[in-house]
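There are 2 protein chains.
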Amino acid sequence: MSMNKPLILITNDDGHEAQGIEVLTRLMMEIGDVVVVAPDGPRSAQSNALTVTHPIRFKKIEEKEGLTRYTTSGTPTDCVKLALNEIVDRIPDMVVAGINHGSNSAINVIYSGTMGAVLEGCENGILSIGFSICDHSLSTDFSNFEPFVTKIALSALKNGLPHATCLNVNAPCGKIKGIKVARQCDGRWTKEFAKRMDPHGKAYYWLTGNFENYEPEAEDTDEWALNHGFVSIVPTTIDLTAYDSIQEIENWKF
Amino acid sequence: MSMNKPLILITNDDGHEAQGIEVLTRLMMEIGDVVVVAPDGPRSAQSNALTVTHPIRFKKIEEKEGLTRYTTSGTPTDCVKLALNEIVDRIPDMVVAGINHGSNSAINVIYSGTMGAVLEGCENGILSIGFSICDHSLSTDFSNFEPFVTKIALSALKNGLPHATCLNVNAPCGKIKGIKVARQCDGRWTKEFAKRMDPHGKAYYWLTGNFENYEPEAEDTDEWALNHGFVSIVPTTIDLTAYDSIQEIENWKF
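One line per chain: the protein sequences are U and A, in this order. Quick note: the first sequence uses the working numbering, first residue 2, plus one each step. Quick note: the second sequence uses the working numbering, first residue 2, plus one each step.
Hints may be right or wrong, so weigh each one.
Since the list can't tell identical chains apart, any single copy or any two copies may satisfy a pair.
The calculated DSS-like cross-link candidates involving lysine-lysine, where the alpha carbons are at most 27 angstroms apart (straight line), are [said to hold, decoys possible]:
hint, residue 1, residue 2
1, K176, K152
2, K65, K152
3, K152, K254
4, K60, K192
5, K60, K178
6, K178, K61
7, K196, K176
8, K152, K181
9, K60, K203
10, K254, K6
11, K203, K65
12, K254, K60
13, K159, K181
14, K176, K254
15, K203, K61
16, K196, K60
The set of hints was computed from the structure by calculation and includes no laboratory data. Quantities reported herein were computed from a predicted structural model and do not represent experimental measurements.
Use the sequences and the hints to build the structure in full.
Below is the structure:
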């Protein structure tokens with residue numbers, strides 16, 4: 002690989018065959034040398050899960066000018082760890098994950114395998130960005146989002162990000178009006194299970210649910226941006242300390 | 002169940018048979034009515050992973066005065082979701098997870114299944130606390146930690162916590178000098194895989210690694226507290242927005 006082009010590590014949680022990672026790979030190959038290390042199948046909602054009870058494998062599935070692709074038996078976070086520890090011979094200039102089929106806005110950031118991989122890249126001091134689109138279908142039209150993905154990746158490479166900070170980028174479906182830098186919208190998931198009965202009369206439960214937005218009127222959230230046709234960029238930290246509460250809890254009488 | 006005692010929901014990521022959850026259940030039964038909804042086996046390092054590719058089941062395994070216990074086929078986060086949506090008939094006053102065999106200090110908070118369950122309780126507006134101890138052995142001595150677990154749980158019930166804030170509590174091994182309210186220590190995992198060869202000459206990888214503490218001298222971190230014999234309490238938020246970076250990124254020229 003050429004040493005003057007940026008090295009870009011790509012992963013996702015929909016698996017290496019998903020349309021979203023194909024689009025992201027094509028776009029990133031216009032910016033740098035690309036190494037894809039992606040799960041060998043879907044790993045949605047894997048958060049920062051790690052494979053600890055059994056070992057992991059990886060294999061090279063493609064190598065050509067500017068692109069090498071691997072699949073792994075692990076989670077998205079495992080993919081980044083394997084890539085950095087065992088696969089790439091220099092530290093990537095950027096980790097990008099996605100393009101995820103489905104939004105990772107609001108509280109979804111804590112469940113997302115895509116954002117898990119991004120937090121992992123960030124922990125390792127690498128510029129890291131997750132890209133997602135508000136459309137779960139397998140035949141998503143990414144064309145409106147594509148120029149924004151390229152623009153945001155180039156801006157991030159040029160400007161860098163503060164320590165322990167990465168980006169959570171989400172796109173609306175359909176036409177895009179522009180970009181909003183936003184904060185994570187406050188809300189939660191409700192009515193989360195669909196109950197079914199098996200032929201033996203025993204219940205089982207499928208995860209489903211509705212997102213309840215606690216602040217639909219606030220114009221500075223990622224949900225607002227997406228609902229109004231904008232790409233949202235939420236600067237996201239791996240430091241989960243609630244600094245404002247330290248003093249308060251120090252005052253508790255234990 | 003008596004309506005004037007607090008209802009406490011307990012889960013963990015080491016599975017319902019782990020010693021840590023037995024200790025936690027015994028301690029919480031002195032404070033309130035307890036419902037345990039725990040994984041049917043180990044689910045370490047499951048973060049906020051959700052079960053989405055197949056359905057989940059749960060079953061009641063014990064019911065007596067002040068205690069009902071269930072196991073589920075899901076992750077720790079699934080356990081909290083199932084409990085709140087399908088099992089308990091009123092909203093718990095507190096969600097506690099653990100006692101985890103192994104520390105969840107520093108960046109471990111993002112991988113921990115225990116803390117995943119705590120973030121889930123927090124998302125649902127419930128006072129939520131994760132308890133962990135710096136000892137992976139299955140015959141851990143929890144006796145030094147026990148009075149602190151009780152004290153911290155009672156203080157939290159009395160004082161409450163701000164919106165979107167939960168607690169990550171970790172104990173050192175051995176004697177305990179007291180409690181330090183702390184921030185999440187900065188650092189990362191390195192040298193993460195042990196490579197092995199199978200009998201067919203193909204490589205496989207076990208996750209392992211060393212924690213590299215970026216700030217061993219800082220006295221306000223959870224790692225410092227644990228390394229100096231204190232229980233650490235890190236107030237932890239489910240809002241991952243890096244607020245300080247919003248303005249900076251708004252200045253990027255896209």
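Evaluation of the provided hints:
In this homomeric assembly, K176 and K152 come within 27 angstroms of each other (Cα to Cα) only inside a single copy, at 17 angstroms, whereas the closest approach across copies is 55 angstroms. Only within a single protomer do K65 and K152 lie at most 27 angstroms apart by alpha-carbon distance; the minimum there is 25 angstroms, versus 60 angstroms between protomers. For the identical chains of this complex, K152 and K254 are inter-copy neighbours only, at 9 angstroms across copies versus 52 angstroms inside a copy, given an alpha-carbon limit of 27 angstroms. Proximity of K60 to K192 under the C-alpha cut-off of 27 angstroms is restricted to the inter-copy arrangement: shortest distance 20 angstroms between copies versus 40 angstroms within a copy.
In this assembly of identical chains, K60 and K178 lie within 27 angstroms of each other by CA distance neither inside one copy nor across copies; the values are 41 angstroms within and 49 angstroms between. In this homomeric assembly, K178 and K61 never come within 27 angstroms of each other (Cα to Cα): the closest approach is 39 angstroms inside a single copy and 52 angstroms across copies. Taking identical chains as interchangeable, the C-alpha atoms of K196 and K176 are never at most 27 angstroms apart, the minima being 37 angstroms within one chain and 48 angstroms between chains. In this homomeric assembly, K152 and K181 come within 27 angstroms of each other (Cα to Cα) only inside a single copy, at 13 angstroms, whereas the closest approach across copies is 45 angstroms.
In this assembly of identical chains, K60 and K203 lie within 27 angstroms of each other by CA distance solely across copies; the values are 10 angstroms between and 41 angstroms within a copy. For a Cα distance limit of 27 angstroms, the shortest separation of K254 from K6 across copies, 22 angstroms, qualifies, whereas the shortest one inside one copy, 57 angstroms, does not. In this assembly of identical chains, the alpha carbons of K203 and K65 lie at most 27 angstroms apart only when taken from different copies (23 angstroms versus 52 angstroms within one copy). Taking identical chains as interchangeable, the C-alpha atoms of K254 and K60 are never at most 27 angstroms apart, the minima being 55 angstroms within one chain and 39 angstroms between chains.
Taking the closest pair of Cα atoms, K159 and K181 come within 27 angstroms of each other only inside a single copy of the chain (19 angstroms); across copies the shortest separation is 40 angstroms, beyond that limit. Proximity of K176 to K254 under the C-alpha cut-off of 27 angstroms is restricted to the inter-copy arrangement: shortest distance 21 angstroms between copies versus 55 angstroms within a copy. With identical chains, the CA atoms of K203 and K61 are at most 27 angstroms apart between copies only, with a shortest distance of 13 angstroms across copies and 43 angstroms within one. Within a single copy, K196 and K60 get their C-alpha atoms only as close as 39 angstroms, which misses the 27 angstroms cut-off; across copies the closest is 14 angstroms, which meets it.
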